[in-house]
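A.B. asks: So the sequence lines, in the order shown, correspond to chains A and B.
Residue numbering for the first sequence follows the working numbering, beginning at 1 and increasing consecutively.
Residue numbering for the second sequence follows the working numbering, beginning at 1 and increasing consecutively.
Please keep in mind that the hints were generated in silico from the structure rather than gathered at the bench.
Do not take every clue at face value.
List of simulated lysine to aspartate or glutamate pairs, EDC-like, C-alpha gap at most 20 Å [as the list claims (entries may be wrong)]:
1) B:Lys264 / B:Asp327
2) B:Lys55 / A:Asp265
3) B:Lys264 / A:Asp265
4) A:Lys82 / A:Asp14
5) B:Lys264 / B:Asp283
6) B:Lys260 / A:Asp265
7) B:Lys145 / B:Glu165
8) A:Lys175 / A:Glu201
9) A:Lys82 / A:Asp177
10) B:Lys99 / B:Glu28
11) B:Lys55 / B:Asp222
12) B:Lys260 / B:Asp329
13) B:Lys55 / A:Glu267
14) B:Lys264 / A:Glu269
15) B:Lys192 / B:Asp130
16) B:Lys55 / A:Glu269
17) B:Lys264 / A:Glu267
18) B:Lys260 / A:Glu267
19) B:Lys192 / B:Asp154
20) B:Lys260 / A:Glu269
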Amino acid sequence: MAGSGNAHLREADDALLRVENLVVTYPTDAGVVHGVSDVSIDVRRGETLGLVGESGCGKSTLGRAMTMLREPTSGRVLFDGKDLTGLSREGLRRLRPRLQVIFQDPASSLNPRRTVRKIIAEGLEIWGRKPTPEVVDEMISAVGLDPAVVGERRPGQMSGGQCQRVAIARALMLKPDLILCDEPVSSLDVSIQAQILNLLERLRVDYGLTLIFIAHDLAVVKNISDRIAVMYLGKLCEVAPSGDLHRYPAHPYTRALIDAVPVADPEVEIVPMEIRGDLPSPINPPSGCRFRTRCPLATDLCAEREPEIREVRPGHYAACHYATTQPLPADAPTAEPVTV
Amino acid sequence: MSLPTKTKTQSPPAGPAADSDAPLLAIEDLRTWFDTPQGIVHAVDGVDLTLERGKTLALVGESGSGKSVLGRSVMGILGSHALTPTGSVRIDGRELRGKSRKELRGLWGPVVSMVFQDPLTSLNPVRRLDVQLTEGMAVHLPLSKADRLARAVDLLRRVGIPEPERRLRMYPHELSGGMRQRVGIAIALACKPRLLIADEPTTALDVTIQRQILDLLAELQDLGGMGMILITHNLGVAAGRSDDIAVMYAGQIIEKGPTKNVFKHTRHPYTSALLGSLPRLEDPPHSTLAAPPGRPPVVVDPPRRCRFAERCSHAQARCLSEAPTLDQDTSAGTSVACFFPVGTGRGTDALKRNQEAGRTAAGLAVERSVA
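Next comes chain A alone, as it looks inside the complex:
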């Protein structure tokens, strides 16, 4: 299987969340969509895992299956050592406060008819622990909004950035262990995107959160993550420490994602992109390595055999027959330690 294997998994005891051999397929009129195909990944407590790839690569589906928002077709989801795939609906519901989600489009993920205070308090109310008005307003302040100004507003009366802050406050109210952030900044202006990234980073430290952060822009993912997993058409291509990935990308797809990030310097010459075209259909994915149809390095071998994920340097894994495996240059900095 291309892009499969579990070499990149760490000690099970260290992981807050660990998924093994996760598969998500869903039937459509056109055929079975292979959303996630045999993916294993783990997140340590206090760590931010970035999932990056193009639209349709399965990163959102993986994120949702990792947090049991979507039942995986097969595979295991271990949260704090416990397999969630066997849990009843009620068991999952009881676990939900610990696993929260923030979505891409905050305007549609917030109830348009409720006020900000009501939206933020609702999660705890469901559990019979109605928060005091002071606690709610404190949380509104914690996400950088003025409760006196926005407290009684409804989502339609606020900007996208403000709605996203409310969605973050709503998730935080339940004191979660882990928050899945599914493209939370992709539809925002760069200035508002930066505000939200700064906010998430501060809250992660203040509240001791573990984050899974999904985006298509590698520079955004790099800013917030400790470890990054690059996904392509339902498979992992590369898993590496965040500080390592862009300097020493081993997979040709990662290199393409790096080339695609616009450089804010007119003196830097724009290098030609190595890949062209769109993602192939996940209904009928290419044989062997799924990236081979757009890969500048592809050979017959890539069509015949799926590359297994393997360690290309300490802590850095790639699933490519032709992965760059040269040792790091002598002056290369070592991977940044994970800050918990």
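We have chain A already, so just place chain B on it with the hints.
C.D. replies: Quick look at chain B alone, frame taken from chain A:
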């Protein structure tokens, strides 16, 4: 763009310029205001810009800064609650402002054309691509139906759409987002416009597709000598894709000049904050981004003061009582509207004063410097 397909309008000469000495686009003191329940909104409030043939001007700013309204003012496609703009918009020396809808239709396509942010809403969902690609040509180009279809195939091929003959018979919903934006570009280019206005053409797309679309626009522009206004909120996109940059804030241009100079000698604190907002691959993980706080104001009854003062770390008392004008900065080779620009003695002193006080004259908290 809605172009009449049945009635043949007399289009103005698309080829040689009416006045070959005039710049391709000259905007002077343009004001576009809207009548809203909140009052008269000054969306574009006194803008001067010029664009030479074959060049690209990046118009940069946050949502709500007025950059899209500026683009639409040039096209003449403002909504019904817009007041009649004042000022002047000339293409090749010909005044566009005050032209009737019918006269403007003669210009849309061969003279000026637009690519919109969201191709799903700018394409007609119930018409096949062949119809949408050829309807402008039928009005403006002396081509037979067969030639128009051949040109449509050629356009689709040039924008990188595989199997163009087959795609012509498709509807927009049968294409991916990136493909739809390519079709939007093909339609905009169908009548060989002299000026293309690309309004956030890649904002709704993945970075990989964004990269392909930006490459495509640059390539097509090199071929035809077409001028382009690239509207974007991302200075990173503007950096490699423009000759000049104009940064817009609250309806006005607050910094403009050759792209290289604006990046090398960034003077306006707003431009500087937009640059600070960009996450960079070279920076270590968990770096704090220097984002401007808050968001742009809606300008009703413009105050006599700097419109950015509330969000600016440099703001002094003067910024609250006087409006800076866009003046040349010879040391930077740009123009800037700021009393205390970044990278100058005045600006450095202003920031230092605010850091010592822990706040700006407008009351914004600034991280206190350690004395």
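A.B. asks: Mind checking the alpha carbons of Lys55 of chain B and Glu267 of chain A for me, to see if they're no more than 20 Å apart?
C.D. replies: 17 Å, holds
A.B. asks: Run the distance test for Lys260 of chain B versus Asp329 of chain B: straight-line Cα separation, threshold 20 Å.
C.D. replies: 14 Å, holds
A.B. asks: What's the verdict on Lys264 of chain B and Asp265 of chain A, does the C-alpha distance respect the 20 Å limit or exceed it?
C.D. replies: 9 Å, holds
A.B. asks: Do the alpha carbons of Lys82 of chain A and Asp14 of chain A lie within 20 Å of each other, as the hint requires?
C.D. replies: Distance ~13 Å between Lys82 of chain A and Asp14 of chain A Cα, so the pair holds.
A.B. asks: Holds or violated: Lys260 of chain B and Glu269 of chain A, Cα atoms, limit 20 Å.
C.D. replies: Status holds; Cα separation ~12 Å.
A.B. asks: Can you confirm whether the C-alpha distance between Lys264 of chain B and Asp283 of chain B stays at or below 20 Å?
C.D. replies: 19 Å, holds
A.B. asks: Do the alpha carbons of Lys192 of chain B and Asp130 of chain B lie within 20 Å of each other, as the hint requires?
C.D. replies: 17 Å, holds
A.B. asks: Need the status of pair Lys55 of chain B, Asp222 of chain B: alpha-carbon distance at most 20 Å?
C.D. replies: The given pair, whose Cα atoms are some 9 Å apart, holds under the 20 Å limit.
A.B. asks: Quick one, are Lys55 of chain B and Asp265 of chain A close enough, alpha carbons at most 20 Å?
C.D. replies: 18 Å, holds
A.B. asks: Regarding the pair Lys55 of chain B and Glu269 of chain A, is the alpha-carbon distance no greater than 20 Å?
C.D. replies: 18 Å, holds
A.B. asks: CA of Lys192 of chain B to CA of Asp154 of chain B, is that 20 Å or under?
C.D. replies: 13 Å, holds
A.B. asks: Quickly compare the C-alpha distance for Lys264 of chain B and Asp327 of chain B to 20 Å and report which way the hint goes.
C.D. replies: 18 Å, holds
In this structure, none of the earlier numbered hints is contradicted; all agree with it.
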